[in-house]
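Please model the entire structure based on the sequences and the hints provided.
What follows is each chain in one-letter form.
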Amino acid sequence: MSDIASKVRSIIVDKLGVDENEVTPEASFTNDLGADSLDTVELIMEFEKEFGLSIPDDQAENIQTVGQAITYLEANAK
Amino acid sequence: MRRVVVTGLGALTPLGNSVKDYWDGLMQGRSGAALITRFDASKFRTRFAAEVKGFDPENHMDRKEARKMDPYTQYAMVTAEEAFVDAGLHQFKIDGEKAGVIWGSGIGGLYTVFNEFKAYYLGDGVPKFNPFFVPKMISDIAAGYLSIRYGFHGPNYTTVSACASSNNAIIDAFNYIRWGVADLFITGGSEAAVNEPGVAGFNAMKALSERNDDPATASRPFDLDRDGFVLGEGGAALVIESLDHALARGARIYAEIGGVGLSADAYHITAPHPEGLGATIVMRNALRDARLLPSEIDYINVHGTSTPLGDLSEIKAIRNVFGEDAYRLNVSSTKSMSGHLLGAAGAAEAVASILAIVHGIVPPTINHFTDDPALDSRINLTFNTPQSRTIRAALSNTFGFGGHNTSVVFKAYQA
Numbered sequence: 001m002s003d004i005a006s007k008v009r010s011i012i013v014d015k016l017g018v019d020e021n022e023v024t025p026e027a028s029f030t031n032d033l034g035a036d037s038l039d040t041v042e043l044i045m046e047f048e049k050e051f052g053l054s055i056p057d058d059q060a061e062n063i064q065t066v067g068q069a070i071t072y073l074e075a076n077a078k
Numbered sequence: 001m002r003r004v005v006v007t008g009l010g011a012l013t014p015l016g017n018s019v020k021d022y023w024d025g026l027m028q029g030r031s032g033a034a035l036i037t038r039f040d041a042s043k044f045r046t047r048f049a050a051e052v053k054g055f056d057p058e059n060h061m062d063r064k065e066a067r068k069m070d071p072y073t074q075y076a077m078v079t080a081e082e083a084f085v086d087a088g089l090h091q092f093k094i095d096g097e098k099a100g101v102i103w104g105s106g107i108g109g110l111y112t113v114f115n116e117f118k119a120y121y122l123g124d125g126v127p128k129f130n131p132f133f134v135p136k137m138i139s140d141i142a143a144g145y146l147s148i149r150y151g152f153h154g155p156n157y158t159t160v161s162a163c164a165s166s167n168n169a170i171i172d173a174f175n176y177i178r179w180g181v182a183d184l185f186i187t188g189g190s191e192a193a194v195n196e197p198g199v200a201g202f203n204a205m206k207a208l209s210e211r212n213d214d215p216a217t218a219s220r221p222f223d224l225d226r227d228g229f230v231l232g233e234g235g236a237a238l239v240i241e242s243l244d245h246a247l248a249r250g251a252r253i254y255a256e257i258g259g260v261g262l263s264a265d266a267y268h269i270t271a272p273h274p275e276g277l278g279a280t281i282v283m284r285n286a287l288r289d290a291r292l293l294p295s296e297i298d299y300i301n302v303h304g305t306s307t308p309l310g311d312l313s314e315i316k317a318i319r320n321v322f323g324e325d326a327y328r329l330n331v332s333s334t335k336s337m338s339g340h341l342l343g344a345a346g347a348a349e350a351v352a353s354i355l356a357i358v359h360g361i362v363p364p365t366i367n368h369f370t371d372d373p374a375l376d377s378r379i380n381l382t383f384n385t386p387q388s389r390t391i392r393a394a395l396s397n398t399f400g401f402g403g404h405n406t407s408v409v410f411k412a413y414q415a
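Sequence order for the protein chains is A and B. Just so you know, the working numbering puts 62 at position 62 of the first sequence, and the rest follows in order with no gaps. Just so you know, the working numbering puts 142 at position 142 of the second sequence, and the rest follows in order with no gaps.
Keep in mind the hints are simulated off the structure, nothing from the lab. Be a bit skeptical, because a hint or two may be false.
[Claimed, not checked] Using 25 angstroms as the maximum straight-line C-alpha spacing, the simulated DMTMM-like pairs for lysine to aspartate or glutamate come out as follows: (1) B:Lys-128 / A:Glu-50; (2) A:Lys-78 / A:Glu-42; (3) B:Lys-64 / A:Glu-42; (4) B:Lys-128 / A:Asp-14; (5) B:Lys-128 / A:Glu-48; (6) B:Lys-206 / B:Asp-371; (7) B:Lys-118 / A:Glu-42; (8) B:Lys-128 / A:Glu-46; (9) B:Lys-64 / A:Glu-20; (10) B:Lys-64 / A:Glu-48.
Since this is a predicted model, take the numbers as computed values, not measurements.
Set out below in structure tokens:
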């Protein structure tokens, strides 16, 4: 697992209060990990802070699963 | 109108984190005040407060939930749960449409406001406010969370009247039950303002005691050398319901709410009326509503914050309302022990007044050293040690900045 992937997973575990083993690449924040709309906004903000980037709203809307977050951040993180 | 009784109690206070520990503290005449641990107060004019001690929200809720709540909401959740279980409601199927929550908080999420503003001003100007900033900060959210937790679909909101807030909550809940709008309420209040803006803000008003060399004796209502209130925090909750509802489910009844009073000083935003005008009106209103004579009240849990002017005007008001009967009853300020819980004070003092009736013991006004010649010395202020007496009815006063005055009459329950 990349460094980015492990950071993403630990942020999700922390913010959503879920078990590490639930945080699979296919897991959807809202359908599988119990996030509501505010949790999702907070997750995106936390990714922005941790990886020093700004995620435009139209792209944030496409980050709905753990795998999508990791893929996006691996491509865009500085 | 329907009769209304109290069937559940909860408390999280500087004297202890349950009703039992709170009451034990009151009976032992302990002070909950000590040097501030929450932040570095070394440059503050007042460096002590009455903090809640040993409280870990994660002992009561999961971390994800706790993180989304300001401490004032965490206090609400914990005290409400104690009252809910105490009332036996966890073993009873409630009609959610006839159950409500009315909560009181004078300020709301002050920690949240402070931390988010600080992050913004220390940042680069790009706003990074947390999506939970607004729902953590707003002072109504505790009532919302409680309705979700318990599935209560009845009336739901928060009352804001500074230090009278949770008495206003109890009063509104009482009214909705006696008018038949709802059968049962979780009511009470919580406050969490022992932080930099809370302490410095009240300091700037010269409202706080500055007795830094002896925090435990700083809250000394009615003592000649009183020099301001001691900032406290915490919460307290009551389950109240119609008498019929309580009897039908076989609930244990602590006391009955006899009546309530409301008034305004219409005088000054923070100073009390020097002759206690608003306090006189509110106690008269409460007695009239309860259909009780002054001679039928045995105990007054006063607002009594330990400020030079406030204590004096409240005593004048008691003399105005009770006349010669003022010398027959017991008066005490439990703030001498708990500190001033601001918006939670009314609920915390309701719990003290109710348990005083149940146990037949008046909690003391501790820290009395020197009589104040300006106060009528014939009034029994229950100095330093509890006093046993049968309490038929007790009056609980709380007054708030803005000139808001509230009084609630609790009566020994008689079928």
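Checked hints:
1. This hinted pair checks out: Lys-128 of chain B and Glu-50 of chain A have alpha carbons roughly 13 angstroms apart, not beyond 25 angstroms.
2. Restraint check for Lys-78 of chain A and Glu-42 of chain A: satisfied, since their Cα atoms lie roughly 20 angstroms apart, inside the 25 angstroms limit.
3. Between Lys-64 of chain B and Glu-42 of chain A the alpha-carbon distance is near 12 angstroms, which keeps this suggested pair within the 25 angstroms criterion.
4. The suggested pairing of Lys-128 of chain B with Asp-14 of chain A holds, with an alpha-carbon distance near 19 angstroms, which does not exceed 25 angstroms.
5. At roughly 10 angstroms between alpha-carbon atoms, Lys-128 of chain B and Glu-48 of chain A fall within 25 angstroms of each other, so this suggested pair holds.
6. The straight-line distance between the Cα atoms of Lys-206 of chain B and Asp-371 of chain B is roughly 23 angstroms, inside the 25 angstroms bound, and the hint therefore holds.
7. For the proposed pair Lys-118 of chain B and Glu-42 of chain A, the alpha carbon gap of about 18 angstroms is at most 25 angstroms, so the pair holds.
8. Taken as a hint, the Lys-128 of chain B and Glu-46 of chain A pair is honoured in the structure, with Cα atoms around 10 angstroms apart against an allowance of 25 angstroms.
9. Proximity of Lys-64 of chain B to Glu-20 of chain A is assessed by CA-CA distance (about 14 angstroms); at most 25 angstroms being required, the pair is judged to hold.
10. A threshold of 25 angstroms between alpha carbons decides the hint, and for Lys-64 of chain B with Glu-48 of chain A the separation of about 20 angstroms falls inside it, so the pair holds.
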